[in-house]
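K.L.:
We have chain F; now place chain Z onto it with these hints.
Number of protein chains: 2
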Amino acid sequence: MKIEILCTGDEILTGKTVNTNYSYIARRFTDNALQVSWGTTVGDDRESLILAFQQASQRADAVIVNGGLGPTVDDLSQEVAAYAAGVQLELHDAWAERLKAYYESRGRQMPQNNIKQAMLPAGCEFIDNPVGTACGFAVTINQARFFFTPGVPHEMRRMIDDQILPRILQLSGLTVVTRLKRFHSFGIGESRADQLLKDIEALASDHSVKLGFQSHFPQLETKLAAIGKDQRTLDTVLAPLEAKVRECLGNFILCEDDQTLEGTIAEALASVNGTLATIEMTTGGSISQRLTGNGSNPALVTSTVSQDLQQLAQTTGLNTATLDSNGAKVLAEALRTRSGASHALVSLMAPDDADDSRNFGADVFIAIASPTGTKVRTSRLIGGRKWVAMGATELSLDCLRRYLLGLPVDEKIDFEQH
Amino acid sequence: MKIEILCTGDEILTGKTVNTNYSYIARRFTDNALQVSWGTTVGDDRESLILAFQQASQRADAVIVNGGLGPTVDDLSQEVAAYAAGVQLELHDAWAERLKAYYESRGRQMPQNNIKQAMLPAGCEFIDNPVGTACGFAVTINQARFFFTPGVPHEMRRMIDDQILPRILQLSGLTVVTRLKRFHSFGIGESRADQLLKDIEALASDHSVKLGFQSHFPQLETKLAAIGKDQRTLDTVLAPLEAKVRECLGNFILCEDDQTLEGTIAEALASVNGTLATIEMTTGGSISQRLTGNGSNPALVTSTVSQDLQQLAQTTGLNTATLDSNGAKVLAEALRTRSGASHALVSLMAPDDADDSRNFGADVFIAIASPTGTKVRTSRLIGGRKWVAMGATELSLDCLRRYLLGLPVDEKIDFEQH
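Chains as they are written, first to last, in numbering that gives the first Met the number 0: chain F, 0 to 417; chain Z, 0 to 417.
Hint data in this document are derived by calculation from the structure and do not stem from the laboratory. The C-beta atom is built at its ideal place from N, Cα and C for all residues, glycine as well. Heads up, some of the hints might be wrong.
Beyond 10 Å from chain F on every Cβ pair, some chain Z residues (computed) [said to hold, decoys possible]: (1) A32; (2) E96; (3) S207; (4) C247.
Partial list, derived from the structure: chain F residues whose beta carbon lies under 10 Å from chain Z [as the list claims (entries may be wrong)]: (5) I4; (6) R27; (7) T29; (8) R289; (9) L290; (10) T291; (11) Q313; (12) S324; (13) K385.
Here chain F stands alone, though its shape is the one from the complex (with noise of 0.2 Å):
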């Protein structure tokens, strides 16, 4: 089955906006194990809009178009839709009312423009937006079934999950169930992750799963994307696989599915009601932002950024005689007493005194403090001041992740000097 996407808008078209929807849509159906064979972008421009429609109704079996359903003159979708599929606009009664009881809801009368959101081609198929007034609808032109979606990413992505995908399964005439399993690590790359699970698809006798990478640099995402007739199929296949990720990417795997590294650590720390201080140096604020997210984490009680040892102890008060794994350690007991947090998370880096090159380096030291007692990692990171720092950041909360989980904190990662 052949599918295209079809981007439409002038600001995808110029560049001012990156097409981020393009990727969205074509990666939840690649991990649905349907292929996306095409992609277009055009303007909000008439005659490029029926050139784009005529050819990609020509090459596909089903198109998806994103962007083009709002109020405006130059949101011109439902019109060329009609146009190409050779039908008039019509008044989507139930649509109309919905828009105008949406505004109502809020106190608004309804812009007289908005009606035009409910203006769809004759004989279309409705397709709910329970989170915007821009609705989709499907119609056919030429061989191909064109699915219509909005431009807004939440109203977009909500269609493409509960509204679009199911459809096209159901139209690419596989009776079929997918489930996409996926795995988060740290300090394994990708070439060494591919080489281990290279076999792993043959667990799957039947070839229904396939194996995927994604890079969200410096974490690395493996997914299983299987296919089956029902859930308890999936169940089945996916088993001896997931077991054997688990058992081949072992301690690095951070956490699963939709599961974060930074809600693993606020997850551990919880269970044992622990709070946590930290000290970071040449991470710039790294590792507290990281654990912070949008700017609230209560069990965070405290961090300090800090250039050198120096301002470090004049800021805190805290002495720290050298720059090593035994200066962490001994940052780390006296954090934790002086800010009364249960845990305390030092992270100190002597860099290169080098300009920034490839071959620019840091040792980075380490230390996590508890009641239970105190663990340092050492570790020579290389690459640029850049990967240097969101190295260090990583595996700082890496060894904070293993630290609370009883995880050994030592184990050697790919992206350091062995």
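P.N.:
The following block gives chain Z in isolation, referenced to the frame of chain F:
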């Protein structure tokens, strides 16, 4: 002149990689008064590539092809270009020599398959790549001139700017030069800026300047794209428009062109041999991270990130009685004395006691101390936790800029409650 962008590669087609190359190329053309009329994305698939080349060659005058110039078997751009242009591939001796020299200079022998990168369509126009192993080239297919560029972003960007744009401008028949003048501001929303500057294009009587905006939330970029017969003409035409932008956006302009807010602060601080200590509350380390960039800013001596006043006092030993503008003032002065820094920035926040929603807000108290005195700024920000944290970060940095440049720190911004 009709220009198209044709992006190739499975990573882009499947959405694994967000297509930022497309938006870069389109934006650079738009910035230079050239219009992109169509975008196409296809995978590493011979049949799709041939069809895409044919269709583009019938619609456009110029086509930028991105990607597919690598050494591996799935890189098909040269081969399909030769096929579509009706010529053979042949070895480009000079590029083959450059490739060999490139590897030799790194003490390695060139892998056998890299010679593929010097196999170009017979009679093509060679386009240099000074920073990588994939050279560019141009061929004519039907009515359109096709320009082939590498997929590696920094190689693509350099080739577009230095090699492709001048060629397209020449092809377009315009014997002109272009310039993009940019202003970065904070505090004025896009719609108000549009309103303030709505008559500005008329100041260039020959319609040779186009006004545009790009949101880099919460900053706004205001762009003047000028086109003229030579640089002197551009100077003359742009001067009154630049003056008008500076007049209308006033102190809200953070910096111009390639400058950044962080860079402006660093420069102003360096000009007085200044150093800085910061305390931030509920912005989670963002202020520190922005100031340190990739982990290093010798002028930033120390930062403390805290969730509440009590913990702050416990960690720093600095007592703050009240969460208000006076508390911020007292704290900034104490921090300056304690840290030994010439300047201290304190950003405190009293968030609403409410769940996160679009109505969630916070009172922000910012104080900046130096030997010349202390200034405070209070503000109420609304719009949800994430936006409030971003807004407080930007406002704190902007206040520091204003303080250092001797500008008023208390001009109201569009994003706060008045």
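K.L.:
It remains to establish, for every hint, whether it holds in the given structure.
P.N.:
Structure-based check of all given hints:
no., hint, verdict
1, A32, "holds (12 Å)"
2, E96, "holds (25 Å)"
3, S207, "holds (19 Å)"
4, C247, "holds (21 Å)"
5, I4, "holds (8 Å)"
6, R27, "holds (8 Å)"
7, T29, "holds (5 Å)"
8, R289, "holds (8 Å)"
9, L290, "holds (8 Å)"
10, T291, "holds (3 Å)"
11, Q313, "holds (6 Å)"
12, S324, "violated (20 Å)"
13, K385, "holds (4 Å)"
Hint compliance for this structure: hint 12 alone is broken.
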